[in-house]
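Each protein sequence line maps, in turn, to chains A and B.
So for the first sequence, the numbering used here puts the first residue at 329; every next one is plus one.
So for the second sequence, the numbering used here puts the first residue at 329; every next one is plus one.
The hints are simulated quantities; they were obtained by calculation from the structure and are not laboratory data.
Incorrect hints may appear among the rest.
Given that identical chains are not distinguished, each listed pair holds provided it fits within a single copy or across any two copies.
Calculated cross-link-like contacts (lysine to any residue; reagent style SDA-like; alpha-carbon spacing at most 20 Å) [claimed, not checked]:
hint, residue 1, residue 2
1, K402, I542
2, K489, E394
3, K508, I449
4, K411, Q459
Residue-level listing of the chains:
Protein chains: 2
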Amino acid sequence: MQYFYSSNIINDLAILNEEESKHCIKVLRHKLNDKIHLIDGLGGLFLCKILDDNFNQCKLQIIKNEDVVQRNFKLHIAISPIKNVDRFEWFIEKATEIGIDEITPIVCNKTEKLKIKKERIQRILLSATKQSLNATIPKFNEMINFKDFINIHKNNQNFEKFIAYCGTEITNNLKSLYSKNSNTVIIIGPEGDFTDNEVAYSFENGFNAVSLGINRLRTETAGVIACSTINILNI
Amino acid sequence: MQYFYSSNIINDLAILNEEESKHCIKVLRHKLNDKIHLIDGLGGLFLCKILDDNFNQCKLQIIKNEDVVQRNFKLHIAISPIKNVDRFEWFIEKATEIGIDEITPIVCNKTEKLKIKKERIQRILLSATKQSLNATIPKFNEMINFKDFINIHKNNQNFEKFIAYCGTEITNNLKSLYSKNSNTVIIIGPEGDFTDNEVAYSFENGFNAVSLGINRLRTETAGVIACSTINILNI
């Protein structure tokens with residue numbers, strides 16, 4: 329099974345962009361009247377028929393709205409970018425495959441990487457969404473300062489709020505504190521972890537400290553474990 | 329915290345190999361009489377004093393056996409190699425960080441990659457073991473044929489046995505079938521999945537089908553999710 333993506337859908341007509349058109353017509357050799365599956369990236373999944381197999385601008389007719397399994401919880405992970413770009417992009421890909429709604433890169437005191445190639449990230453998000461047969465592309469937010477992120481979320485009563493870090497004093501793990509079906513936002517720190525001031529600031533503003541297991545985890549592994557913990561607990 | 333590794337330990341004396349010696353003395357600038365932590369890769373963790381800070385052959389005296397948290401379950405994942413070597417090596421690194429005892433590469437009908445750089449894998453295993461502050465390096469077995477693997481494990485009553493694949497008929501997930509504190513072996517298929525014959529053969533020999541969630545996962549992602557599911561359920 330293969331999903332195609334278009335943001336250009338009006339009523340029951342959709343147009344694939346150049347890249348998707350080439351992939352559909354040239355690589356996968358679809359032809360006029362073939363039936364294919366299309367997502368709009370916003371949760372819509374459609375069965376379509378190819379109306380025009382132009383490999384630069386493939387036109388589709390929507391035949392049917394397909395049912396999509398809706399998750400009944402929201403997961404938002406805020407995570408420090410990582411010096412090694414591959415590791416950060418790997419987190420983006422895996423979190424998208426496993427299931428995540430929103431990702432925010434945050435600048436912490438020890439964050440060393442301050443630039444993100446947003447266009448590359450968007451391509452990874454789209455590719456992993458299609459790969460995992462999801463209909464919704466996770467939202468990737470602008471980079472924001474750690475304290476600003478806390479301030480925005482401190483009064484949000486619809487989300488359980490956690491900060492995951494390596495402190496040896498943490499006795500609670502994410503599994504034991506998280507309530508099934510709840511929306512949650514989890515903050516993951518940089519290489520070298522959060523400073524004590526950052527941890528204290530998060531506590532003052534309603535975030536709970538959690539560990540993600542007994543092993544010391546790299547930033548990107550912590551992000552993936554947080555993501556998979558929430559998804560596993562909601563099965 | 330930093331762990332060093334030696335396989336050359338006799339009584340209370342240990343010698344670091346050239347690479348570990350250079351890392352300890354040249355990169356991290358440790359000196360005579362400094363105290364450092366050493367693992368033997370087999371579960372032993374020791375506090376040591378540097379007896380000779382030769383950067384080609386650093387000698388250590390073991391001062392104390394440190395306590396190591398012992399997990400009370402064994403996890404063995406058998407997984408098909410992946411065409412993209414990075415993706416397979418990424419699985420090895422992440423499974424080691426998260427917690428795994430044994431990994432076996434298996435050749436399935438649709439496995440395309442038949443060679444593995446074992447020396448590279450051993451380096452990744454060691455590096456991820458030290459990174460995650462574990463004392464035991466996971467065992468990486470020789471590549472083996474799918475059916476041979478099944479035959480070896482079919483009568484092993486000490487392990488719960490699962491096969492994870494994408495079949496839409498699977499109603500059980502790993503979380504619901506796995507019993508906490510149990511030893512388990514989980515088989516993960518190649519890109520393109522197992523053949524019907526392979527699945528049937530595993531059923532005939534005591535393996536249970538499980539899904540790893542609602543999303544379609546790449547091979548390496550499935551491996552990591554299987555690994556994190558077992559670790560999370562044992563918290």
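Evaluated hints:
1. K402 with I542: between (26 Å within a copy, 16 Å between copies)
2. K489 with E394: neither (34 Å within a copy, 35 Å between copies)
3. K508 with I449: neither (29 Å within a copy, 37 Å between copies)
4. K411 with Q459: Close across copies (16 Å), not inside one copy (26 Å); limit 20 Å.
Consistency note: the structure conflicts with the earlier hints numbered 2 and 3.
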